[in-house]
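Trainee: As a plain string of letters, each chain reads:
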Amino acid sequence: MTDSIHSHLKELGIELPEPMQPVATYVPYVISGNLLYTSGQGPVLNGEFKSVGKLGDNLTVEQGYEASRLTALNILSQANAALDGNLDRIVRCVKLFGLVNCTPDFTDQPKVINGASDLMVKILGDKGKHCRAAVGAPSLPFDTSVEIDGIFEILL
Amino acid sequence: MTDSIHSHLKELGIELPEPMQPVATYVPYVISGNLLYTSGQGPVLNGEFKSVGKLGDNLTVEQGYEASRLTALNILSQANAALDGNLDRIVRCVKLFGLVNCTPDFTDQPKVINGASDLMVKILGDKGKHCRAAVGAPSLPFDTSVEIDGIFEILL
Amino acid sequence: MTDSIHSHLKELGIELPEPMQPVATYVPYVISGNLLYTSGQGPVLNGEFKSVGKLGDNLTVEQGYEASRLTALNILSQANAALDGNLDRIVRCVKLFGLVNCTPDFTDQPKVINGASDLMVKILGDKGKHCRAAVGAPSLPFDTSVEIDGIFEILL
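Residue numbers (our numbering), protein chains in the order written: chain A, 1465 to 1620; chain B, 1465 to 1620; chain C, 1465 to 1620.
These are computed hints drawn from the structure, not numbers from a lab.
Keep in mind the model is a prediction, meaning the values are calculated, not measured.
Take these hints with a grain of salt, some might be off.
Put simply, identical chains are the same to the list, so a pair is met inside one copy or across any two.
Below are the DSS-like pairs computed for lysine-lysine, each with C-alpha atoms no more than 30 Å apart in a straight line [unchecked claim]:
| # | residue 1 | residue 2 |
| --- | --- | --- |
| 1 | K1514 | K1591 |
| 2 | K1474 | K1593 |
| 3 | K1586 | K1575 |
| 4 | K1514 | K1474 |
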């Protein structure tokens, strides 16, 4: 827990959530070569869904931004577990694919997923600069507002 | 057809469907390095769509589970074609990205995509443990209930 | 600008659009190993969205096809920027993931995304043959009709 990213997290006053365990026959992350894939994460803290519902309906863009920020923390939490607690092994965040639970007339998906993108860069610096897609979904598991999966390049 | 996975399939009494050929200018799979990507597959058997419609409307979760199981068999069928019939070349299933054709109030996407996840682990064992995302879609090609694409790590 | 793909583009009378710059903390492409990932692109030309709305509502399949063709040009434009203007470094287009902004009863996503697939093969030949998924989305950023992201294998 003494790598530079964990030190930076401490300076920022950011604590990673406990990584969620899937309740089915899949796993939260897979390392293949020097790529780390994380399963779709959501706005969960201490086992509780913190943002439920749809953008364009009961949630504001600001609330979506916060949900997507928390989701990115969960992605980093999974990466941390995958990398045995050494986030310095992250070479860079390669990609985020962000889905926003929304109504058919909601078109501000980018502003929502910016919560995740901004967090990734805040924590990882230049290594956090990823490519991404931000799109709408008619519904998401447990009615969470966002689901994001990530790909990282890592040191083996 | 004598590799261990094909033997296991025989023991389980599971037959892989014929791999579907795309009717357009894309291909059913691409191998890049030691990653095998499959195109989005659906619940097809003998050229027929076996599960049509939306979860939350005309289909139950159990029907969705079966559709997603059949879809995973089609993914393995494409992998089998890509690997010249030698499924032992699969190092592991890296990722499944599952989309569920559903109404805006349906939130049980994970239970649906479990049909694919369970099948992958049943057939491939520990090599079948993948990361995944399970999300909603307002509609899918040919009105099929699920579409899933996969990434495998393979031996060259 | 004298590689064979650029010559072929000239013969075809096709000009690549200017690559769009993201307005947030993500980047338009990332190279990891010999994979090039592009951020989700849309039907943009000269900074203007050329196709807005939903398939199944105000847009025909033909209009969607054209939008997806233009989106593929933007993907190639990003690849071109990533590869310092040398498209001959593309070994192949590995994957396209295409989302179609549509109504819940629209099921012709493949015919729409064919605009991108056909363009990729027209320009890159056999190197353009990719695997793909084509799915529906209830809404997309800026209400564009399609969003597609791509993965390419490249020479370093």
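Trainee: 30 Å Cα cut-off: does K1514 pair with K1591 within a copy, between copies, both or neither?
Mentor: Cα proximity of K1514 and K1591: one copy only (28 Å, versus 33 Å across).
Trainee: Within, between, both or neither: how does the pair K1474, K1593 come out at a Cα-Cα threshold of 30 Å?
Mentor: Close inside one copy (21 Å), not across copies (33 Å); limit 30 Å.
Trainee: With identical chains, the pair K1514 and K1474 could be close in the same copy or across copies; at 30 Å between alpha carbons, which is it: within, between, both, or neither?
Mentor: within (23 Å within a copy, 46 Å between copies)
Trainee: With identical chains treated as interchangeable, where does the CA-CA distance between K1586 and K1575 reach 30 Å or less: within a copy, between copies, both, or neither?
Mentor: within (16 Å within a copy, 35 Å between copies)
Of the numbered hints stated above, none is contradicted by the structure.
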